[in-house]
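> Given next are the chains, with one letter for each unit.
There are 2 protein chains.
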Amino acid sequence: MNSASRPSEDELIARFFAPLAGEGGLALKDDAALLRPRDGHDLVLTVDGVVAGVHFLPDDPAAAIAHKALAVNISDLAAKGAEPAGFLLTLALPDGWTEPWLEAFRDGLADASRVFGCPLLGGDTVRSAGAFWISITALGHVPSGGMVRRTSALPGHRICVTGTIGDAALGLAVHRGSTDPALSALSPDDKRYLVERYLYPRPRLVVAEALRTYAAAAMDISDGLAGDLAKMMRVSGASAEVDMARIPLSPAASAAIAKNPALVDLVVTGGDDYEILCAVPEDRLAGFLAETSALGAPATVIGTVTAGEGLPLFRSAAGERRYAHGAYQHF
Amino acid sequence: MNSASRPSEDELIARFFAPLAGEGGLALKDDAALLRPRDGHDLVLTVDGVVAGVHFLPDDPAAAIAHKALAVNISDLAAKGAEPAGFLLTLALPDGWTEPWLEAFRDGLADASRVFGCPLLGGDTVRSAGAFWISITALGHVPSGGMVRRTSALPGHRICVTGTIGDAALGLAVHRGSTDPALSALSPDDKRYLVERYLYPRPRLVVAEALRTYAAAAMDISDGLAGDLAKMMRVSGASAEVDMARIPLSPAASAAIAKNPALVDLVVTGGDDYEILCAVPEDRLAGFLAETSALGAPATVIGTVTAGEGLPLFRSAAGERRYAHGAYQHF
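Sequence lines, in order, name chains A and B. Residue 151 in the numbering used here is what sits at position 151 of the first sequence, and the numbering runs on without skipping anything. Residue 1252 in the numbering used here is what sits at position 252 of the second sequence, and the numbering runs on without skipping anything.
Each hint should be verified, as a subset may be incorrect.
Said to hold, decoys possible - 30 Å max Cα-Cα, derived BS3-like pairs, lysine-lysine:
(1) A:29 / B:1029
(2) B:1029 / A:231
(3) B:1259 / B:1191
(4) A:259 / A:191
To be verified - Here are a few chain B residues that face chain A, going by a calculated C-beta distance under 10 Å:
(5) 1044
(6) 1060
(7) 1219
These are calculated hints, taken from the structure and not from any lab test. All C-beta atoms, glycine included, are put in the ideal place defined by N, C-alpha and C.
Next comes chain A alone, as it looks inside the complex (with noise of 0.2 Å):
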């Protein structure tokens, strides 16, 4: 413990973290938490850490970093057509922890955990001897054997995403004071849209079933559409062409990609858009992007998976190419 005056490890978890338990954390008194498997059902199983400085500014809001630690999971889920069963959380803290901030944290994922129904189950806080950072593991029921892989995309299946995509790589440059003309030209709302996209992502869990009934391959983008889509052919033993006029964007990033074409870079490449990725067969696609309109999430194709090992082409009226390193890196 640092002071005498700071509460122990079971006075911060009884005052901090029972009140968001669910019935398997067994209000966090016991020291392993219970999950009752669904009959019937796999459990889909997520880990991600974000570190402070690494995966977020220390300065972003404490409400923000819990709900987004706990989103990316949510997000992986959702994209493998799983319903969200539970979380175990492992919260570093740094010396100088104060406790206003740790109740907006704590807030933050309270939030969160109702907005996507993903109870907590367990957790363990540690001193951190360093940054702060969290490490949360999130489990999904999904009916047995229908988990969607990421690996069995095949050659012709139609590339689609939900969603726009490159709205939290220009948020981040908004939130870091980018003095990029074509970003500092956007209207106020504009700007508080795309800073939204990048603080608050909201996991597609909405298609989870859709993706079950649809697709053959799916993941979420979290490194940034070029990256995300090799990882998956590499997977898949595919690759894939993309036809980037088809790539959906907001208007926000419309605008400035008006005003500045080179920004079409950072929106393939840049990450955290937490939206499906996923390779739908031809024959399957119209209910797809009928379902996935009509939930409130919808698809759009961008391209085709081809036969082949290569990085994935993407094309436009300027153009051909393959982006290398188009995986944002968080390692």
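Here the structure of chain A is known, so what remains is to put chain B in place on it, guided by the hints.
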């Protein structure tokens, strides 16, 4: 990525960790892991974070750090009566990491994974922006409704521990180069034994089924006998009396205490035992003692659960005491 010569996260996972992946880990090629829960079973979940400089010494052998990071989670599963099903790893590497170090870490993790029968299901690798740290989430199966709680000790239950207490705390003191004459005077074999107990805890998986059959409540001893007993009694709404003469000691610990009786406080409050603490009803005691003895992890009765809510009372020939700050705080 830190430098062009460093492997990307994907390369690092493929080279170092994919060989450890169990079936549910999907060769770590997907962005999530899959677990098919066993019919008629619940899942027990536990998570522990360990940080260089807080939970282990930065110079500890990499294999020992890996072993311990998994062992402390397996110990939680064992105490809940669960059989390991798999684990997820978050690994945060400081900027100065080296490949030989990571190989030794990976080998230690592979050995521990095999010994504990607990395959790697998935993980995340990040830059730590500071100290090296690891967070492990472990999952285990228990027959439905069979998880052994920490909260269900009742007055009259006998308090038992497996193995011997205090070895790891003494071993850490030796490992840190303690100048206590009672420790310096130990034989090289005794010193080695104690340090091994600190570096390579052996979780008591072998008694998991016996705990389900005989114990009313159980937890593992990670933060010191006095503190963990106080915790179990508090969440059970009870207190306890312990006969200090009955606390089982190894020959090495006995030799040290014979020379310096004050070391008994370190034995009782020091952390890292990873033995089992449990409350057993009187009518099941003989069966529990016989079975744990037959299993090679003999349990010893050290006291009794009592009514009331105070801190446990430790009685010895020298008098009585309550350990107010008995728990070793990792936080």
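> Next step is simple, just say for each hint if it's right about the structure.
Outcome of the hint check:
1. A:29 / B:1029: 36 Å, violated
2. B:1029 / A:231: 9 Å, holds
3. B:1259 / B:1191: 15 Å, holds
4. A:259 / A:191: Given pair residue 259 of chain A, residue 191 of chain A holds - Cα atoms ~15 Å apart, limit 30 Å.
5. 1044: 5 Å, holds
6. 1060: At 14 Å from the nearest chain A Cβ, residue 1060 of chain B fails the 10 Å test, so the hint is violated.
7. 1219: Constraint on residue 1219 of chain B satisfied, holds at 5 Å.
The structure shown violates the earlier hints numbered 1, 6.
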